[in-house]
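*Asks:* Here are the chains, one letter per residue:
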Amino acid sequence: MNQEANQNLESFSYDDKIVRWFTYATLLWGAVAMLLGVTIAFQLAYWKLNMGLEWLTFGRLRPLHTNAAIFAFVGNGMFAGVYYSLQRLCKARLFNDLLSKLHFWGWQLIIVSAAISLPLGMTTGKEYAELEWPIDIAITVVWVIFAVNFFGTLIRRRERHIYVAIWFYIATIVTVAVLHIVNSISIPVSLMKSYSIYAGAQDALIQWWYGHNAVAFFLTTPILGLMYYFVPKAANRPVYSYRLSIVHFWSLVFIYIWAGPHHLLYTALPEWLQTVGMVFSVALWAPSWGGMINGLLTLRGKWSEVRTNPVLKFLATAVTFYGMSTFEGPLLSVKSVNSVAHFTDWVIGHVHAGTIGWNYMLTAGMLYYLVPKLWKTKIYSIALANFQFWTATIGLFFYIVSMWIAGVTQGMMWRAIDGETGTLVYPNFIETVTQIIPMYWVRAIGGTLVLISFLVMIYNLLKSIAASKSDLKEEIYQAPALSANTATGHRKLEGLPMIFTVLVLLSIIVGTVVEITPTFLANRFFVKSDSITPYTPLELLGRDVFIKEGCYTCHSQMVRPMVSEQLRYGKPSHISESRYDHPFQWGSRRIGPDLARVGSKYPHMWHYRHMLNPRHMTHDSIMPNYPWLARKKIHYDVLEKKMRVMQALGVPYSDSEVASSVEDAQYQANEIADILAQSGVDKSVADKEIVALISYLQRLGSEVAEGITDQEVEE
Amino acid sequence: MNVLYFAIPIALLLGVVFLGFFIWATRSGQYDDLDTPSYKILLDDKEIEPEKGKNYESRS
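Those protein sequences? They're chains A and B, same order as listed. The first sequence begins at 4 in our numbering and counts up by one. The second sequence begins at 2 in our numbering and counts up by one.
Calculated from the structure, these hints are not laboratory results. One should not assume that every hint holds.
[Claimed, not checked] Below, simulated DSS-like cross-link-like pairs (lysine-lysine); rule was C-alpha separation at most 27 Å, straight line:
#1 B:Lys47 to A:Lys476
#2 A:Lys104 to A:Lys20
#3 B:Lys41 to A:Lys476
#4 B:Lys47 to A:Lys472
Generate coordinates for the entire structure from the input sequences, incorporating the hints supplied.
*Replies:* Printed below as a string of C-alpha cells:
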C-alpha cells in the first residue's frame with residue numbers, strides 16, 4: 004500500500020467479518036429468547052401450556068429464557084458492538100483473528116449447551132447462574148479469550164486516548180470474570196451436577212452480589228459503552244459533556260459493586276448489610292441520571308431527525324428507558340417500597356423495562372446503524388423499522404403497566420390485615436393469584452408484540468443484507484503509529500503472542516482450579532452448630548428434585564419479619580435454618596406461596612395429589628402438573644457421592660451416615676409410601692422421585708430455630 | 002456471615018484495581034484533554050484505494 008507516502012503511516016484493516024457473525028447470532032438468539040419469554044408468559048396465564056412435558060414446564064424454561072436473554076441475546080449484541088467500536092476507537096484490527104473465531108464459536112457452543120441442559124433439568128438452582136460446572140468452565144475460558152483479544156487490541160492501538168466507551172468495556176470484562184468465577188465455585192457430584200460451596204445466607208449474599216452485578220456489568224456498563232460510541236456516531240455530534248461521561252463511568256464502577264444486598268432486604272441477612280445495599284443503591288441514581296442526561300443532550304438540535312431516523316429513534320428511546328429503570332431501581336431498594344414490591348411482578352416489570360427498553364432498543368438502534376455499514380447496503384424499509392419501533396414500544400408499555408398493576412395489587416393483598424379481627428383479608432393465597440391473571444394475559448400479549456417487533460427487524464435487516472452488492476472486501480486504512488513515548492511498553496508485548504497464550508493458559512488453569520477444588524475454602528465459611536440437623540439422605544434427594552424442576556422460580560423459602568407474613572406463613576425465617584442449604588433456595592418471586600414453613604402443613608397424600616395435578620387440591624391453581632415425578636425412579640446410585648460432597652462442604656454427616664445413606668433413604672421412602680398406600684396409592688411409589696420430594700417438603704420449617712441466639716450464628 | 006471475609010476483600014480488590022486504572026489514566030495524561038476526544042471519534046477513518054461501485058450512502 005502507500006507506505007512510501009509517509010514513513011509514519013501504518014496500514015491496517017478491520018475485522019468486520021466477526022462483527023457480522025455476531026450480528027447474525029444476536030438476531031437468532033434474540034428471537035429465541037423472546038419466544039421463550041412469550042411462552043412462559045402464556046404458561047402463567049394458562050397453565051395447560053406447560054404441555055404436561057417436563058422439559059417445557061415453567062420451572063425449566065424460565066431459567067432458559069433469562070439466560071438466553073442476558074447471555075445469548077444481549078451478549079452477542081454486546082460482542083458485535085464492542086468489536087466494531089473497539090477497532091475504530093483504537094484504529095487497530097482485532098488482536099487475533101483466530102481468537103475472535105474461538106470467541107464466537109465458543110460462545111455459541113455455550114448457548115447451545117445451555118439450551119439442551121436447562122430443559123433437561125441440569126441446573127445449579129442459582130438464578131442467572133443456573134448452568135452446571137462444565138459449562139461454567141467453558142464460560143470462563145471463552146471470557147478469557149475475549150479479554151486477551153480485547154486487551155491485545157487495546158495495546159496495539161494507534162490512538163493514544165482511550166475513549167470513555169472502552170473504559171466501560173474494560174469494567175465489564177474485569178468484573179464479569181470475577182463475579183462469574185466467585186459465584187460459580189462448586190464441587191461436582193457428577194458431570195452435570197454440583198453443589199455450591201456456599202450455603203444459606205452466605206450463598207444468598209454471593210448469589211445476589213453476582214445477580215445484581217450481572218445486571219450492572221453485563222446489561223448496563225457494556226451497553227453504556229455502546230451508547231457513548233453509537234449515539235454520537237449516529238447523530239454525528241460529540242457527546243454532550245465528555246467530562247460528565249468520565250464522571251459517570253468512575254462513579255458507577257465504584258458504587259455498583261456494593262448494591263447487591265438490596266435483593267435481600269427483610270431477609271435473614273444481617274441488618275447492617277441490608278442498609279449498605281440500600282444506601283449504595285439509592286446513591287446509584289445520581290450517576291445513572293447523569294449518564295442518561297448526557298446521552299439525551301447529545302441529541303440536542305437533532306430531535307427532528309430522531310423522528311425520521313430509526314437509528315436515533317431507537318437509541319433515544321433506549322436512553323430514556325435507561326433513565327426510567329435507574330430511577331425505579333433505587334426506588335425499589337428503599338426498604339418500605341421493597342416490603343410491598345419484593346417477590347411480586349413489579350420487579351419482573353422493572354427488569355423488562357431494562358432488558359427490553361434499554362437493551363433491546365439500544366441493540367436495535369445499533370444494528371440499524373451497523374448493518375448498512377457492515378454490508379455496504381441500505382436499510383430495506385424505514386417504514387418497517389418504524390412499525391417495529393411502535394410495536395415494541397406499545398408491547399413494552401403493556402408489559403410494564405400490567406406488571407406494575409399486578410405487583411402492587413398482589414403485594415397489597417398479601418399484606419392486607421383486617422383491622423378489627425387482626426387476621427388476613429386474603430388468607431387463601433390463590434385469591435391473590437386469580438386476581439392478577441388478567442394482567443398475565445395483558446403481559447403475554449405485550450410480550451408477543453415485542454417478539455413480533457423483533458421478527459420484523461430480522462426480516463428488515465435480512466432484506467437489507469440481501470440487497471447488498473458488495474463483495475465485502477476489507478478496506479485498507481492508514482493512521483500514524485502511536486508516538487514513541489507511550490508506545491515503548493506496549494510495543495514489546497505486541498510482538499509476543501506467545502506471552503498471551505501463556506497468560507490465557509494460566510488463567511484457565513487458575514479458573515479451573517478455583518472451580519473444582521474449593522473444598523479447603525468451604526470449611527471456613529461454615530459455622531458448626533448442633534441446633535439444626537442436616538437433611539436426611541432422602542430429603543437431600545428430594546431437594547435436588549426441587550432444584551431440578553425449578554420450583555424456586557415460583558416459590559420462595561424466606562418468611563420476612565412482617566406481621567402479614569407471620570400470619571400467613573409462620574415464624575420469620577432464621578439465618579441458621581438454611582445453613583446446610585447448598586445452594587440456598589430463598590427464591591425471588593412468589594408466583595406460588597412461600598414454602599419455608601410448608602412442612603407438616605398438609606398430609607403426605609395432599610402433596611401427592613397436588614403434585615400430580617395441583618387443581619385437585621386448589622381449584623384455580625396455575626402450578627404445572629408433575630405426573631412424571633410419580634414415574635421416575637430415585638437415583639440412589641449418586642446418593643453416597645452427594646453425601647460425601649456435602650460432608651466435604653462441612654455438613655456434619657458422619658462417615659457411617661454416608662455409608663448407610665442409601666439404606667436410610669429407602670427406609671424413609673418406604674415409610675412415606677406406606678402412608679400413601681393407606682390412601683390407595685400403589686406401594687411401588689416407594690422408589691419414585693415424588694416420595695423424595697414429599698420428604699423434603701415435609702421437612703421444610705419443621706425445625707424452627709427456636710433456641711438459637713443471633714450470636715451463635717453471627718460468629 | 003463468614004463469607005464476608007471473602008466477599009468484602011474481593012469487592013475491595015475490584016475497587017482497588019479500578020482505582021489503579023484511574024490513577025494510571027490520570028497520570029498518563031488520559032484526562033488532560035477532555036474536549037477533542039469526543040470530536041475525534043466522529044471522524045471516519047482515512048480509507049485508501051477506494052473501490053469502484055460502492056455505496057457510501059449510509060455514511061453519516
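*Asks:* Indicate, hint by hint, whether the structure satisfies it.
*Replies:* Hint-by-hint comparison with the structure:
Proposed proximity of lysine 47 (chain B) and lysine 476 (chain A) is supported: the alpha carbons are some 16 Å apart, at most 27 Å. Between lysine 104 (chain A) and lysine 20 (chain A), the direct Cα distance comes to roughly 10 Å. Compliance with the 27 Å bound is thereby established for this hinted pair. At roughly 26 Å between alpha-carbon atoms, lysine 41 (chain B) and lysine 476 (chain A) fall within 27 Å of each other, so this suggested pair holds. With a C-alpha separation of about 22 Å, the suggested pairing of lysine 47 (chain B) with lysine 472 (chain A) holds against the 27 Å cut-off.
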